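K.L.:
One-letter residues, chain by chain:
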Amino acid sequence: MSAYNFAYLDEATKRMLRRAILKAVAIPGYQVPFSSREMPMPYGWGTGGVQVTAACLVPEDTLKVIDQGADDTTNAVSIRKFFERVADVAVTGQTAEASIIQTRHRIPETPLTEGQILVFQVPIPEPLRFLEPRETETRVMHALEDYGLMQVRLYEDIARHGEIARAYAYPVRVEGRYIMDPSPIPKFDNPKLDNSHALQLFGAGREGRIYALPPYTRVESLDFEDYPFTATKAAGQACALCGSTSSYLDEVITDDAGGRMFVCSDTDYCASRVAAQSQEDAA
Amino acid sequence: MYVAVKGGERAIGNAHDWLAEARRGDPSVPDLALAQIREQLALAVDRVMAEGSLYDPDLAALALKQARGDTIEAVFLIRAFRTTLPRFGTSHPVDTGQMQIIRRISATYKDAPGGQILGPTFDYTHRLLDFGLADGDTVPQAPEAPASHSAVPHILSHLGAEGLMQPEHAPEACGADDVPDLTRTPLEFPAARPLRLQALTRGDEGFLLSLAYSTQRGYGRNHAFVGELRIGHVRVAAHLPELGFDVEFAEIQVTECESVNQFQGSKTQPAQFTRGYGLVFGQSERKAISMALVDRALRAQELGEDMSDAPAQDAEFVLSHCDNIQSSGFLEHIKLPHYVDFQAELELIRKLRREACAMQEAAE
Numbered sequence: 009m010s011a012y013n014f015a016y017l018d019e020a021t022k023r024m025l026r027r028a029i030l031k032a033v034a035i036p037g038y039q040v041p042f043s044s045r046e047m048p049m050p051y052g053w054g055t056g057g058v059q060v061t062a063a064c065l066v067p068e069d070t071l072k073v074i075d076q077g078a079d080d081t082t083n084a085v086s087i088r089k090f091f092e093r094v095a096d097v098a099v100t101g102q103t104a105e106a107s108i109i110q111t112r113h114r115i116p117e118t119p120l121t122e123g124q125i126l127v128f129q130v131p132i133p134e135p136l137r138f139l140e141p142r143e144t145e146t147r148v149m150h151a152l153e154d155y156g157l158m159q160v161r162l163y164e165d166i167a168r169h170g171e172i173a174r175a176y177a178y179p180v181r182v183e184g185r186y187i188m189d190p191s192p193i194p195k196f197d198n199p200k201l202d203n204s205h206a207l208q209l210f211g212a213g214r215e216g217r218i219y220a221l222p223p224y225t226r227v228e229s230l231d232f233e234d235y236p237f238t239a240t241k242a243a244g245q246a247c248a249l250c251g252s253t254s255s256y257l258d259e260v261i262t263d264d265a266g267g268r269m270f271v272c273s274d275t276d277y278c279a280s281r282v283a284a285q286s287q288e289d290a291a
Numbered sequence: 005m006y007v008a009v010k011g012g013e014r015a016i017g018n019a020h021d022w023l024a025e026a027r028r029g030d031p032s033v034p035d036l037a038l039a040q041i042r043e044q045l046a047l048a049v050d051r052v053m054a055e056g057s058l059y060d061p062d063l064a065a066l067a068l069k070q071a072r073g074d075t076i077e078a079v080f081l082i083r084a085f086r087t088t089l090p091r092f093g094t095s096h097p098v099d100t101g102q103m104q105i106i107r108r109i110s111a112t113y114k115d116a117p118g119g120q121i122l123g124p125t126f127d128y129t130h131r132l133l134d135f136g137l138a139d140g141d142t143v144p145q146a147p148e149a150p151a152s153h154s155a156v157p158h159i160l161s162h163l164g165a166e167g168l169m170q171p172e173h174a175p176e177a178c179g180a181d182d183v184p185d186l187t188r189t190p191l192e193f194p195a196a197r198p199l200r201l202q203a204l205t206r207g208d209e210g211f212l213l214s215l216a217y218s219t220q221r222g223y224g225r226n227h228a229f230v231g232e233l234r235i236g237h238v239r240v241a242a243h244l245p246e247l248g249f250d251v252e253f254a255e256i257q258v259t260e261c262e263s264v265n266q267f268q269g270s271k272t273q274p275a276q277f278t279r280g281y282g283l284v285f286g287q288s289e290r291k292a293i294s295m296a297l298v299d300r301a302l303r304a305q306e307l308g309e310d311m312s313d314a315p316a317q318d319a320e321f322v323l324s325h326c327d328n329i330q331s332s333g334f335l336e337h338i339k340l341p342h343y344v345d346f347q348a349e350l351e352l353i354r355k356l357r358r359e360a361c362a363m364q365e366a367a368e
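Top to bottom, those sequences are chains V and H. First residue of the first sequence? That's 9 in this note's numbering, and the numbers climb one at a time after it. First residue of the second sequence? That's 5 in this note's numbering, and the numbers climb one at a time after it.
Isolated chain H, as found in the complex (with noise of 0.2 angstroms):
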């Protein structure tokens, strides 16, 4: 005889007692230090960070730890964990300009002032597994020369003082309480570039860099130049009222892409190059330019640009499904029960299907 199904609060329990088990593996392999996820998987903690919205490694190394590996889920918990803390502030833009580089490349330009330095990054490395690194790792000593200590200014701004680059102007009313806040105002369209910005850089990786590919491939083609890609650390700065003085409060790395497009120019405005912008927590180049590219191309409608059916210029398209912590909760609700709609699913079909056999048997 059936009797309705008791017991899933028992049932929970024991499979998160699993979850917790099957976490750590083998319990003879050291556990991992948050140290060094921190320190040697740097860019899963950067990424996390970036997608999560909140500069803290530690906390995001922590995440990746409780979450197995998996970024998504590793997002999901710091942003659970974002949304209790208390806003207390704006902070001042950080200037990108006055950062510490690390690594700084343009495309348009062979030289500029401040130099070209690749950093330390992954391209033109061969992509052969080293099989050194699986017996421990002894790692050479990179050669180092003195900090420069010279200005980096931005590659586009050489570009800008010959008025070939469109000049951004901050929107009206741009004080720092006017900032519009993603995570405290609902997402209303359509939505201003900062508010499209916000969204990008805490948007998900695969998702954007896929919607940048789509443009390159012609789905709102719009040809970007990498103007200038750099990667450092930034001072962040706020007023503080009660001192009456801005305090600088940390210091974050961040990704910074510019692109370059042609604008073909209207009939009130001359050719003119315009500008992608994206700007990522940590070291996370590939979100970076997507970024720029998604951004730019989300410019289509202010720039009276051709908007024939492609994705990325669609911002309530892009902002609507860029978000992975919204994407895959509601992806994954569909392995909820739903014994109550099913059914009234079957008897509906049951229904349908009685009715036409009747009708086919009486024309028969």
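Just chain V, same shape as in the assembly (with noise of 0.2 angstroms):
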């Protein structure tokens, strides 16, 4: 691939895609615009986590790409051997090996640490976009921190079904400033958002926007005093294969007769889990 620069994009756009990056770090939970490419892959497939995470490689970096928590799906897959054309860097499985992890609707169990960077592909990034479509209207209702209409969505929800209907994608609030959408991970992965160790980046390529959370940055999902929120997931379930009581679980359909089961969402979680039970077993 030697047509090509290291990871795919020219110097000049990843000094490009670095500024927006500072900056997002600078302000963490700021949208900051940024002039997408066009990616070999199609707008909406995480095109703008794959320019992030092309920004911030070097080549010593040890690369891991998930897609639903899981190494195999396809889209990982696909996003991983790109990186391992393009840039020629190791790449892993294994959460706590790798340096930098891209993600789409997942975030590790495995705690993040120190030094690790964390990409997140932004389907759409403004949390207001669906209670107002314009982009000049939300940008002035960021600069104002004129939430209040948020702050009614969710009240209504509670006051029609008793609690905050959203189970993935829920708003958060960044250091008490900016609205986040956190991307469309479950809430119950909002919790980890939270003084993580790690470097959240978040890329959104169709949009063209770039936004942050330092390592240690305060993040709340939004919530009312009187109904707080709650990380939640499949109630009373274990995983099936590594008996994971506090992970997230993906429901298997096994037969056609209403037959489920409950496994690992993060594939890499679960196999070290199974790999350890062996060894206790042999030992």
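The set of hints was computed from the structure by calculation and includes no laboratory data. This structure is a prediction, so every number in the text was calculated from the model and none was measured. All residues carry an ideal CB built from backbone N, CA and C; glycine is no exception. One or more of the hints may lead you astray.
[Unchecked claim] Here are the simulated DMTMM-like cross-link-like pairs (lysine to aspartate or glutamate), alpha carbons at most 25 angstroms apart as the crow flies: (1) V:Lys89 with H:Glu336; (2) H:Lys355 with V:Glu164; (3) V:Lys31 with H:Asp35.
[Claimed, not checked] Derived contacts from chain H toward chain V, CB cut-off under 8 angstroms, selection only: (4) Ala84; (5) Glu320; (6) Gln347.
The task is to assemble the complex, starting from two chains supplied on their own in separate frames and drawing on the hints.
P.N.:
Structure follows, in structure tokens:
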């Protein structure tokens, strides 16, 4: 692939991206506009994450790519192969080994550590978008910290359903200032955003926005005093493979008679637990 | 016993091998040469160049071949290639007044200096399938006349001379380096006209066609005449500072449309005609006319026209949705796995139903 620069993008583009990332880190939760490039994969398939990862990668990095928590989902495979091809970096499935993790829809179960970078793929970066479709309006609302519309929306959920009826992409407030869309992670993962040891970067390619949570940033899920936020997952179930009761579980249909089972969505977490258990059994 | 699904990598590899085979089709049928696509599917090539935003008929033909004739997929291939190319500089604006014309019509004047030239058009053909084409193709020689070398001034310039057409002003400080570039700066609103025109010329033909049509049907009505439509070759030149003079480096085919629209005038301005402008790579008059109508509709605010919920007048709506690479990518991403979010929704719906049913039972 000598026709392409290291990590595909030319250095001028990477510099532009790094400037946007630095600005995003300096103003946690603020959406920085950047000049998104056309990538060799479609918009909506992780181009924002791919550009952020490309701007952060150095040859010594070890990259992990997950989609739905799994390293082996097709789009994760495709993005990992892309970087193997254009950057020739080491890749891994293990969370602890990776220096950069690009993810779609999950935060790994294994706690992240200092020096790691978690890159989120973001479809719609604007948390207010479905309340107000115009970018010109939502930018003003952020600037004025005018978030009443969001509070009313959450209140209406409670009035109607008895609780905030949001299961994923649950909005958060960053350092008491900007309301931020955490990308479509299940709200189960929201507490992991708070005070993370790792740098968390968010890339939205089609919408041309980058935002960030520097390590140890205060991130609160929006709620009300009398209706506090709760992280939820499949109730009362354990992983059928590793037995975990604390990880996020996917439901798998096993037959056409209503049979189903639950397994960890984080495949690395699950596999390492299964391996540890079989070692114990052998000992 | 269920085991976590593995094998995505092998599945992708196999799927792509199958795709390659399907693209080739029946191997007993001769392979398509790029020259055949370039010469015989020229309008498809033109569309790929226009929406791919890269003028190279051979690459566009290759993209069409690789994409199995899927225009948007071919545009995507061209865009992904274009984005890797360095930008050497900015050319001078092309002078469409100096165009080597193959087609030039006006719907507002019966005749004008330079004349009406129909050129190679589908207009006035009867859309009857030509079964003769099915078994090989012999084309009768079209009659030829010596090329005219007289100037073909823009028809709207005659209106301009009389003060009836609103003049266009280059934006302040519009040196070559000040031209905004949609591909190098994030799109922000309000977007000035040069940026809007840039987005429209690479925008999806179908989307612009529908929007332009909607203005004709009353959503932002602004009756347009085709003042002039011209197709032909123009020269592209740039100033090379190292040499100290201008160098012509390309000749490209473009389609240009200028629409004439009425403007009622205001307290400060007398009534006048205004212009909508379309300029598109290749021979693509449907797109150029659509672009001119949408360009004019997007000037509603600047001209103080009534803007009552007509999508074509809403720059944020039009520019955010006209790019078919963005829209098709995002549309099709819903094919990707969403197990995690769906699981979260599933739990939420079950919980809400449990609570609602319990309340109902309690009420009974």
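K.L.:
Using the nearest Cβ pair, does Gln347 of chain H come within less than 8 angstroms of chain V?
P.N.:
6 angstroms, holds
K.L.:
Is Lys355 of chain H close enough to Glu164 of chain V, meaning Cα to Cα at most 25 angstroms?
P.N.:
18 angstroms, holds
K.L.:
Given the proposed pairing of Lys31 of chain V with Asp35 of chain H, does the C-alpha separation stay at or below 25 angstroms?
P.N.:
52 angstroms, violated
K.L.:
Does Ala84 of chain H hold up as a contact with chain V if the rule is Cβ-Cβ below 8 angstroms?
P.N.:
With a minimum Cβ separation of about 4 angstroms from chain V (threshold 8 angstroms), the hint on Ala84 of chain H holds.
K.L.:
Is the interface hint for Glu320 of chain H satisfied, with its Cβ closer than 8 angstroms to some Cβ of chain V?
P.N.:
Given a least distance of 6 angstroms, the restraint on Glu320 of chain H holds.
K.L.:
Can the restraint linking Lys89 of chain V and Glu336 of chain H be considered satisfied, given a maximum Cα separation of 25 angstroms?
P.N.:
Answer holds: Lys89 of chain V to Glu336 of chain H is near 21 angstroms, not above 25 angstroms.
Consistency with the previously given hints fails for number 3 only.
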